[in-house]
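**Q** The sequence shown lines up with residues 717 to 894 when you count with my numbering.
Possibly wrong hints are sitting among the right ones.
[Claimed, not checked] Once the Cα atoms are required to be at most 20 Å apart in a straight line, the calculated DMTMM-like pairs of lysine to aspartate or glutamate come out as:
(1) K822 x E836
(2) K766 x E786
(3) K758 x E836
(4) K766 x D789
(5) K822 x D844
(6) K770 x D805
(7) K822 x E873
(8) K758 x D864
(9) K823 x E873
(10) K766 x D805
(11) K823 x D805
(12) K766 x E836
(13) K781 x D805
(14) K823 x E836
(15) K823 x D844
(16) K881 x D864
(17) K881 x D805
(18) K758 x D789
(19) K853 x D864
(20) K822 x D805
Calculated directly from the structure, the hints in this document are not laboratory data.
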Amino acid sequence: MKFLKKGLCFVYQWIVFVPLFIISTFMTALTVMIFAPVFGSKFWGYYPPKWWSKITCRLALCRIKVRGREHLDPNQSYVFIANHQGAFDIFLVYGYLNQNIKWVQKKSLRNIPFVGFASEMAGHVFVDNSSPGARSKTIFQAQRKIVDGVSIMLFPEGSRTHTGKMGRFRRGAFQIAY
Numbered sequence: 717m718k719f720l721k722k723g724l725c726f727v728y729q730w731i732v733f734v735p736l737f738i739i740s741t742f743m744t745a746l747t748v749m750i751f752a753p754v755f756g757s758k759f760w761g762y763y764p765p766k767w768w769s770k771i772t773c774r775l776a777l778c779r780i781k782v783r784g785r786e787h788l789d790p791n792q793s794y795v796f797i798a799n800h801q802g803a804f805d806i807f808l809v810y811g812y813l814n815q816n817i818k819w820v821q822k823k824s825l826r827n828i829p830f831v832g833f834a835s836e837m838a839g840h841v842f843v844d845n846s847s848p849g850a851r852s853k854t855i856f857q858a859q860r861k862i863v864d865g866v867s868i869m870l871f872p873e874g875s876r877t878h879t880g881k882m883g884r885f886r887r888g889a890f891q892i893a894y
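Full structure from sequences and hints, please.
**A** Written out as structure tokens, the structure reads:
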């Protein structure tokens, strides 16, 4: 029975989930790339990716329960930080936090076809660690988003954890909040 269940999951993953995920990712990126520059990223840089994230979680058959969201003021900007444990962190935060957020993300993510350019058009902030001046510019860009009424989301450890344990936080999150 266990073998049959694993086999069905494998078939579902490759026949249903992966193709629909690729199509929805492409369509979301295209939507953001077309509409965000014309009509602004406050709506077009947030809602299509939010819907994409929810669709992805549903396609992956995830059961999600969110607690504590009632404590967030929708008219307030926040700096959200989290321990980055896997790729689904992005879908969960984007889809279920219910806050208009801009991500502070690695500069290398800009090189992902469609997604990188869509992230740029959506107004996300790319971390440039090439020099102290470049890092300061990143912090300033993130602070401007907060002043403009948008929350910031980042993983202060700088990348995913492979052990499940929290790593050392980099200072950027605290400098942005200050």
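**Q** Decide if the proposed pair is consistent with the structure: K822 and D844, CA atoms, cutoff 20 Å inclusive.
**A** At roughly 7 Å apart (the allowed maximum being 20 Å), D844 and K822 satisfy the hint.
**Q** Within 20 Å, alpha carbon to alpha carbon, are K822 and D805?
**A** Distance ~15 Å between K822 and D805 Cα, so the pair holds.
**Q** Within a Cα-Cα threshold of 20 Å, do K766 and E786 meet the stated pairing?
**A** Given pair K766, E786 holds - Cα atoms ~18 Å apart, limit 20 Å.
**Q** Going straight from one Cα to the other, do K770 and D805 come out at no more than 20 Å?
**A** Since the Cα atoms of K770 and D805 sit roughly 12 Å apart, the hinted pair holds (cutoff 20 Å).
**Q** Given the proposed pairing of K823 with D805, does the C-alpha separation stay at or below 20 Å?
**A** Between K823 and D805 the Cα gap is close to 18 Å, so the pair holds against 20 Å.
**Q** CA of K781 to CA of D805, is that 20 Å or under?
**A** 14 Å, holds
**Q** K758 and E836 were given as a pair; does the straight-line alpha-carbon distance stay at or below 20 Å?
**A** 13 Å, holds
**Q** Do the alpha carbons of K822 and E873 lie within 20 Å of each other, as the hint requires?
**A** 11 Å, holds
**Q** Tell me if the straight-line CA distance from K766 to D789 falls inside 20 Å.
**A** 18 Å, holds
**Q** Is K766 within 20 Å of D805, Cα to Cα?
**A** The given pair, whose Cα atoms are some 13 Å apart, holds under the 20 Å limit.
**Q** If you draw a straight line from the CA of K823 to the CA of E873, is it 20 Å or shorter?
**A** OK: K823 and E873 at ~15 Å, within 20 Å.
**Q** Is the hinted pair K766 and E836 satisfied, with a Cα-Cα distance of at most 20 Å?
**A** 16 Å, holds
Consistency with the previously given hints fails for number 16 only.
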